[in-house]
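Now for the letters of each chain:
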Amino acid sequence: MKIREIAELLKAEVPVCKDKIDEEVYSACAADMMSDVLAYVKDQAVLITGLCNPQVVRTAEMMDIRCILLVRDKKPDSVILDLAREKGIVILCSPHRMYIACGLLYKAGLSGGEHCV
Amino acid sequence: MSQDCIRLEFKVDSENFASAGSASESVKTQLKLLGIGSSDVRRVAIAMYEGEINMVIHADGGKATVEIYHDRVEIILADRGPGIADIALAMKEGYSTAPEDIRALGFGAGMGLPNMKKNSDEMRIESKLGIGTTIYMTVRLT
Ligand SMILES: Nc1ncnc2c1ncn2[C@@H]1O[C@H](COP(=O)(O)OP(=O)(O)OP(=O)(O)O)[C@@H](O)[C@H]1O
Ligand SMILES: [Mg+2]
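Taken in order, these protein sequences are the chains called Z and V.
Mapping of the first sequence onto our numbering: position 49 corresponds to residue 49, and the numbering continues sequentially without gaps.
Mapping of the second sequence onto our numbering: position 71 corresponds to residue 1071, and the numbering continues sequentially without gaps.
In case anyone wonders, no lab produced these hints; they're calculated from the structure.
Even for Gly, the Cβ is constructed at its ideal location relative to N, Cα and C.
Careful: at least some of the hints might be erroneous.
To give an idea of the chain Z side of the interface with chain V (calculated C-beta under 8 Å), a few residues [claimed, not checked]:
1) Ile21
2) Val25
3) Met33
4) Pro54
5) Glu61
Just chain Z, with the same shape it has in the complex:
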């Protein structure tokens, strides 16, 4: 699935790294605890989260995650956006709640990969 399709499906804005939205991603994971992302995630390219702080971007960077989907209308500040721009990580901001966002993506064929949170 292209990141662009995720954005369209979830009515998401793309405040940073818009140039990367034609990249393909094959699996996603969802968590609000970065501890869990660090401990359980394996090769998922998209992180769906309701947490909105710079450590979300740092955690994504450590795990080679390429796209962060913020749910519940969270608005990232400039520190978060600058960090994501520097790391080349796409941020999507969707008004949907976590459960709905995950359900829509799963239904559209984005899998959870092997060891998803």
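Take the given structure of chain Z and dock chain V with the ligands to it, following the hints.
This is chain V with the ligands only, laid out in the frame that chain Z set:
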């Protein structure tokens, strides 16, 4: 020749939570530049980032030293924080003394130390109450 290494040192600051993880980030960038395989890079990055976050949230910061050898990366994280009373207990998955405000930041699930062990090939913790904690990790490059 085989003893040649690249040595990196970082001061880990606890004042600003937003900057926590910047040392691990620099190490990750450096390892990638050296052409080290991505799964090895990720293991170093995860192990060090968990340790760096721990120094920030549990110990008022500290010092990180990273030595990159041709066959391994050695990470030393030293702080002068409160120390760990029971290391075996701290190593258990799910054990955490992190307060609620740390959980609100996305940490404090008690997964960090076990995850550091999982991502390193060797790990040793030295800790004295009231003096501080030093963690030694070795990640062998495959
Ligand atoms: N550098 C340190 N100094 C003092 N205490 C520490 C240090 N590192 C870990 N601890 C203690 O060990 C416990 C377990 O650490 P661990 O990293 O496994 O979990 P956590 O940091 O509480 O949560 P998580 O890592 O999942 O975000 C901590 O809650 C803390 O009590
Ligand atoms: Mg921890």
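Against chain V, with CB atoms and a cut of 8 Å, does the hint on Glu61(Z) hold up?
holds (6 Å)
Using Cβ atoms only, decide whether Ile21(Z) comes closer than 8 Å to chain V, and label the hint accordingly.
Ile21(Z) check fails; min Cβ-Cβ to chain V is 23 Å, beyond 8 Å.
May I ask you to test the interface hint for Val25(Z) with respect to chain V, counting a Cβ-Cβ separation under 8 Å as satisfied?
violated (17 Å)
Please verify that hint: Pro54(Z), Cβ, nearest Cβ of chain V, below 8 Å or not.
OK, holds: Pro54(Z) within 8 Å of chain V, min 4 Å.
Just to be careful: measuring from the Cβ of Met33(Z) to every Cβ in chain V, is the smallest value less than 8 Å?
With a closest approach of 5 Å, the Met33(Z) hint holds.
The structure is inconsistent with the numbered hints 1 and 2, although it conforms to all the rest.
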